[in-house]
Amino acid sequence: MLTTNIEAILFAAAKPISKEQLRKQFEISPEVLEESVADIQNRYNNATSGIHLLEHEGKVQFVTNPDAAESVTTFLKKDATSPLTKPSLETLTVIAYRGPVTRPEIEQIRGVNCGIILRNLLIRGFIEEEQDKTKLQMVYTVSMDFMRKLGLTHLEELPQFEAFHENKSIDQLLKDLPTDDVV
Amino acid sequence: MSFEVALEQFSGPFELLLQLIEQEELSITDVSLSRVTESFLQHIDKTEATGDELADFLLVATKLLLIKSRILLPVKDAEEEDTSNLALQLKMYKEFAELSKHIEKQFNANVELFPREKADVIVQTELVIPDGLSVIAMEISFSKLLKHLEPFFKLQHVAMERVMSVKERLQEIREAIMERARFSFREILGSGHTKVDVVISFLALLELVKQRVVNVVQSDSFSDIDIHRVD
Numbered sequence: 001m002l003t004t005n006i007e008a009i010l011f012a013a014a015k016p017i018s019k020e021q022l023r024k025q026f027e028i029s030p031e032v033l034e035e036s037v038a039d040i041q042n043r044y045n046n047a048t049s050g051i052h053l054l055e056h057e058g059k060v061q062f063v064t065n066p067d068a069a070e071s072v073t074t075f076l077k078k079d080a081t082s083p084l085t086k087p088s089l090e091t092l093t094v095i096a097y098r099g100p101v102t103r104p105e106i107e108q109i110r111g112v113n114c115g116i117i118l119r120n121l122l123i124r125g126f127i128e129e130e131q132d133k134t135k136l137q138m139v140y141t142v143s144m145d146f147m148r149k150l151g152l153t154h155l156e157e158l159p160q161f162e163a164f165h166e167n168k169s170i171d172q173l174l175k176d177l178p179t180d181d182v183v
Numbered sequence: 001m002s003f004e005v006a007l008e009q010f011s012g013p014f015e016l017l018l019q020l021i022e023q024e025e026l027s028i029t030d031v032s033l034s035r036v037t038e039s040f041l042q043h044i045d046k047t048e049a050t051g052d053e054l055a056d057f058l059l060v061a062t063k064l065l066l067i068k069s070r071i072l073l074p075v076k077d078a079e080e081e082d083t084s085n086l087a088l089q090l091k092m093y094k095e096f097a098e099l100s101k102h103i104e105k106q107f108n109a110n111v112e113l114f115p116r117e118k119a120d121v122i123v124q125t126e127l128v129i130p131d132g133l134s135v136i137a138m139e140i141s142f143s144k145l146l147k148h149l150e151p152f153f154k155l156q157h158v159a160m161e162r163v164m165s166v167k168e169r170l171q172e173i174r175e176a177i178m179e180r181a182r183f184s185f186r187e188i189l190g191s192g193h194t195k196v197d198v199v200i201s202f203l204a205l206l207e208l209v210k211q212r213v214v215n216v217v218q219s220d221s222f223s224d225i226d227i228h229r230v231d
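Protein sequence lines correspond, in order, to chains L and Z.
Residue numbering for the first sequence follows the working numbering, beginning at 1 and increasing consecutively.
Residue numbering for the second sequence follows the working numbering, beginning at 1 and increasing consecutively.
Hints were generated in silico from the structure; no laboratory data involved.
Some clues are possibly wrong.
Stretches of chain L that chain Z covers, calculated by requiring three or more beta carbons in the stretch to come under 8 Å of a beta carbon on chain Z [said to hold, decoys possible]:
1) 92 to 99
2) 107 to 118
3) 141 to 151
4) 154 to 162
Within a straight-line C-alpha distance of at most 30 Å, the following computed DSSO-like cross-link-like pairs (lysine-lysine) qualify [stated by the list, open to error]:
5) L:K78 to Z:K105
6) L:K168 to Z:K118
7) Z:K105 to L:K59
8) L:K19 to L:K133
9) L:K86 to Z:K105
10) Z:K68 to Z:K46
11) Z:K94 to L:K19
12) L:K77 to Z:K118
13) Z:K94 to Z:K46
14) L:K24 to Z:K118
15) Z:K101 to L:K77
16) Z:K94 to L:K135
17) L:K135 to Z:K210
18) L:K168 to Z:K105
Backbone N, C-alpha and C define an ideal beta-carbon position, used for all residues, glycine too.
The shape of chain L in the complex, shown without the other chains (with noise of 0.2 Å):
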């Protein structure tokens, strides 16, 4: 029955819904949420469903299957967003797979001033800003917008993630960050 409720607030909510927001309206536990999450995900995300939950920094939304994105784009006439420049996708990368991740950690593993290409990415959506209350900075996640335009329900599909998430060696390297920023 939770689980039914839950599904039936996604399809008819149409926007992204954050996981705290439906434990508190049914007053549960993180764990018994997650368990009717995975259920739903388990049902609608494979190959014959054309509806897939995708899920993403505490927020999960109905979506439609990334093999139906041709038809759907042409049913809707949606326009074919511009590419990515270089600078953009690196950038963009660094973030995917380290967010969230402050400023001068993407500079430091792109070696180069990324303050324009993230206004950029904010405008264009594809990133979302956010103060990280115990590091004091802004860090950046990507969002849900740019999950949705590379048909990823989870980062986690993306190759290697886990190996380039959480990595000693980049950690390591992230952390000899120069302190004297003169900016």
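Using the hints, position chain Z against chain L.
For chain Z alone, kept in the frame of chain L given last:
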């Protein structure tokens, strides 16, 4: 901006460096870094770069020069960290550059996931009478509204009246002065006048003075004003 054009094919100093090393078919080590230092500097030379990006290219250039100098003139006890870091950084960059190819492929693969465009918003179409609505409540509300508007009506009324009165009073005085060659301001006012009457009469009188219909003489402050017809 010209810098961006000149180095358009490079997303940053690391990409340039990586390309130089790969051209020489070298692996990423300090030795190979020192070997491509010259070409890296040449690339920077060709640009008229400004701003943050140039700074980043120059930073890498200095690191390269440091590595090269260390190799040419090995010094013991030097901080090894700095130099080996560039090679490590470059290796890490290379991995992400590889990963970005997959992201690019996905981005252009037309695999977009579409959400529902709009939520079903519950629209109230039937007439909903709010709680506590009655004929009496409506009457009370309307009287309250009228009371609120009252000062506004009053204000307009007074303004209108005054405009009319000045004109009328002016006509009165003019007629009076045509019959009698002279009389006093107090005579015009008569008895039982209000402050507004005095002001209006005075304004009318001033207007007549301006029109050179009458002359006025006042012997003292606050004394009566004598009005003569101008012949």
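Now for the hints, and whether the structure bears them out:
no.	hint	in the structure
1	92 to 99	holds (count 5)
2	107 to 118	holds (count 7)
3	141 to 151	holds (count 5)
4	154 to 162	holds (count 3)
5	L:K78 to Z:K105	19 Å, holds
6	L:K168 to Z:K118	43 Å, violated
7	Z:K105 to L:K59	25 Å, holds
8	L:K19 to L:K133	21 Å, holds
9	L:K86 to Z:K105	12 Å, holds
10	Z:K68 to Z:K46	21 Å, holds
11	Z:K94 to L:K19	36 Å, violated
12	L:K77 to Z:K118	17 Å, holds
13	Z:K94 to Z:K46	25 Å, holds
14	L:K24 to Z:K118	24 Å, holds
15	Z:K101 to L:K77	27 Å, holds
16	Z:K94 to L:K135	27 Å, holds
17	L:K135 to Z:K210	80 Å, violated
18	L:K168 to Z:K105	27 Å, holds
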